[in-house]
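Since each chain comes alone in its own frame, lean on the hints to assemble the complex.
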Amino acid sequence: MSYTFDGLNKLIILDPGVTAFSVSDLYSRWKDWVQLSDNAKYEIAFDTSVGGDPLGNGLLLGAYYFITNGWLIRPQEAAHTLDITGNLFPIPDTAQIFAPTLGNFNVSIRSQFSSLTQQASPEQIAQQVWETDLSPAQTLDTAGDTVKKAKQNSAAAAALSA
Amino acid sequence: MAAQAFANDLTTMTLMEAGTNTSDIGGGQGSTDEPDFFIQGTQSFSRRVTGAGSTGGFGFTGTGPSTPGQHVYIWANVLTPGLVNSTVNGGIRVAIGSSTNAYDQFYVNGNDDLVGGWKCYTVDYQSTPDATQGNPNSTDFVGIVLLTTGAINRPNLGIDPIRYGTGITATGGGSPDPDLTFIDIANYDSDVNLQLGVLQPSSGGVALQGEIRIGNDDTTTSTTFNDTDAVLSKINNNPTGVNTNTTATFSGINLRGSLTTATFTGCLFISLDTHDKGFVDASSATNAATATFTGCTFLDWGTFDGRSSVTLSSTTFKNSGIVTLNGSTASSCTFDSCEPVDVGNNLGDISNCEFISSGSGHGVTTSVSTGTVVFTGNSFSGYGSGADAAINFTATSGSVTVNVSGAGIPTFQTAGVTVSFVLSNSLTLTGLEPNTEVRIYDAGTTTELAGIESTSGSFNTSISVSAVDIVVFNLEFIAIRLTNIDTTSDRTIPIQQQEDRQYENPP
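Chain order of the listed sequences is E and R.
Our numbering applies: residue 2 is where the first sequence begins, and numbers increase by one.
Our numbering applies: residue 5 is where the second sequence begins, and numbers increase by one.
Hints are computed from structural coordinates only; laboratory data are not their basis.
The model shown is predicted, which means the values in this text are computed figures rather than measured ones.
Careful: at least some of the hints might be erroneous.
[Stated by the list, open to error] Pair ranges (Cβ atoms, derived): (1) R:N509 / E:A144: 24 to 32 Å; (2) R:T465 / E:T133: 53 to 61 Å; (3) E:N10 / R:G299: 27 to 35 Å.
Backbone N, C-alpha and C define an ideal beta-carbon position, used for all residues, glycine too.
Same shape as in the complex, but just chain R (with noise of 0.2 Å):
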């Protein structure tokens, strides 16, 4: 439909090229070019960090963020990471402030993570900083500080580029042009000429720290986006035992435009971070992009916002923050002890899912009120009642039957709202000899509940308790009689019927 089209909103401070005027923290020698090592460009800055307990750095004044929302973007290469302190003691920071002797520092790594190599790191410039220098009044002076913990003798500490935004906007594809997919939007990211940080090809497939924006919010621009089997993860901005760096809503994908067509079938979307954890938002947009689920996974995910053009099938979410429907249809899907389902008042909206407890909280959060609801092929396992009840209605009033089918009746609990539930699932009995009768008893009881004088084959009917009693008798076959069957699902149960050969008719 058209060429694939990618822009950011990324503000560059510096690409550290050459000529660039840099600021250095803490004494020795100054940051110099660096044509040696660098991730963007030809070259980039470095310095020696050096001595135990001393802090140094070096970075780079323009104009800053100002802008909520908007998070730094810095690059950073620290040779010697087992020469730096802990996270928690600030081995690596980033400094945001008004000068090299007025800035807030944000801990973000340490010589918990020996890795090292280039690495983007992202703060938002709100953040409670983990330490202050001086009386910062602006965000013009982005760098790295490190606190080592040894001598050092040679540069250690490379910076390149350090912008702010919040992400990266995809559009186009589509036949005859090839559709949009993760790796093409890392591809851009991650060109010599660019290296955004929002999401870089990795190992295991792309790694996130921002917003993806698929589509525009508009009713003009074609994007079709259609990947299989990607492997998304979202990097760990937020250490533990230190300040959050990002806010809990800076790292996701946004689903956009009218003409906005998302295929994601079979992808993984894994968060290695817990504060900032990822979300997938289609429910912002003012244009309402169409956007299918398919075979998915999401794993310590955050949020899921969809809406009436956003469908979810055979998906598993496990560890998850709240999905919100808002309209979207959920089939087939298992959410593993993940926050409540929000439905809102369309509980019919997901079907033949599998709710599995994590111990306490509900499955289902919705506020229907009235009417009624055909409620297909759900389960729920560990839920129990009150506040741990599988479905939580939020409704203060009101009267609601839901018609449940294909599984047991769950757990609920109610605001107020006055809840029928109405189990109904289907009872088929299979491998009938001819002229046989069947009956079905409320079990225990001797309440027929449904049967017929004779059939052959199979015998299907609709069942509403949650167990009941079979009776099949045919003259010259032995009497069957099944008892206490458990129908809280849909049950097929083949029946063979034993020749009587004793049955003797009447004289």
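One chain only, chain E, in its complex shape (with noise of 0.2 Å):
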């Protein structure tokens, strides 16, 4: 795991290494660390996280994650750029989300937000990869182009095998 869950001092510190994580991942795992020993006991880190329901023709509302209850992320002690994956908001809106590291570092933060509030799901893009028809692809070497040419060349050969 790349987090260390503090529920008395409600901090996520992030491991020593650890120069980016998603949100999803933070989430999944505090929920997982909730589970063990007594860990329930303490107030929640995230809040409702909304998002992946369905909107129809196979898109998704796009995941929010919202930190709470005064918890709050602590980055490694080492000066580094942390990137972050993910929409992550304090509730409040107005309350922080990261708590200084312990020694004097210089952190920066990268926070990659999507910017859509639909995606595909990955059912989806399987489907439409193997529904596609393949027949128009004329960019040599892609990789439509090496399948089409593969097809073409196995039917070719069992011709002649005939």
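In structure tokens, the structure reads:
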């Protein structure tokens, strides 16, 4: 695990070497941690997480996570740039999300928010790939071109052996 | 079991039938036979009392009451209620004395009551009179005196039976004979040849002044009383502004006899009298009757003395006197603005009852001094501390543990006995998804009170604190934490877990 959860002090401490994490993973590992021992006694770190709800046509609501009850994320004790992927917001909206490192380190935090409120589901992506008509593929050496040629070659070989 | 039977202990002084020798008070035409209006038999006696500021009346001289507790019952019909003075000025008075020149006067009515008609007035001969004429030295003369306020042209005062005593005894009933009811007793009382005046039919049910004894105080008389939705009103014998006319314990219902079963369902007992409010007494008899009160209402009533053979359930007491359980049980009852319920040393005899304070005083008084008491579902509202605490523990020493469930811990006052309340209410969570972890914490702390690693459906536990935090956790559902949940009463909380679409299993 890349995180250490300190329920008493409401801290999520990033382990040494961690320079990036996804909010989705952080949220999930927090839930794993709550299940352990008597960690459920602490105030919850994440309030409702929203997203993933189907919107029709295979589209899903984008995911948002809300850190709450004064929980803070503390980066590793090193000067670094911390990359965060995912939509993370505090409750209340004026609250802090990050705690300073214990030592005097410069930490740059770079958040990569999802700009979409919708995203295609993996199943839909897979379905689109499998059902794609490769006959129009014209660009040489593309995946479509390669698969199309492989299909054509297979057909030719079968005809010769007949 | 046995045919209904009725008896009374009233001694008749006169029935005012023909040939009665009446005695007049005041001048003018004397009292005469009155065949035109009467309440009992075939006639009464009447006379005219007239003139502004005049006092006059008549009565009968015989052998009057002499045993303490006996009350005079005298029927009177004042045809001109608007032409007598007010009650506080003695418009209508019962006279009890040794002669027409020596009698005590008890003010019973006046022009503040214009309804008129035949009324049976009751007076304890030992009550403090409002006025006295001469120097009475016996109770052998009983009559009615009016203080009129104007000229009256025809006979305006009728008097019919004069008796003294305490009340009626009803026995018998039970299949194949009909069970006794209040109206059966009232019909006996109001027979034209009797007209006792103890329990009379009224437009609103039955009207009481005196004692109704249900059953004989023995081991051999079978009595079955069973009444539903009856309305019993205690007549106001003690108007405001004058001395009391009856004793405070004159009127009520006495339950007695080991073969007596009395069942009251949905009955209303209402007192219009603030002094002689009416009582229910199941405790005085040597031989205990079995009695059940279900869904009854006692409004402005007096006292209720039970015993172990008496059951109170879903019954409401409002503005009423002391209920002394004496071993009877009270469940799902309401005591609203009442005197404290005396449970003796059996605090556990009340359960699921609601106590509402009048603003001062206790809800319950108990003498329990030792042991553990199960105290279930009793709620108290409006009570304070000290003299206004919900429960008053009167024992001066000892130690009592009270296990409270189904409600919060009440306030209490103790005279010395050590009292420990242990709250234990049930908490139930329903609708839990499979594989859900539940943890219950003392509110605002991390002290776990109960919990389960994995459950489904419902979770139930016993809680002994007044508030809890609840955690409902499941990897597949959004985490739920309910804070500061009131557990001062049994709680059932439906849980709706929302699917967590974001949780990802560890890679």
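**Prompt:** Are there hints from earlier that the structure breaks, and if so, what are their numbers?
**Reply:** Going through the list in order, the structure violates hint 3 alone and respects the others.
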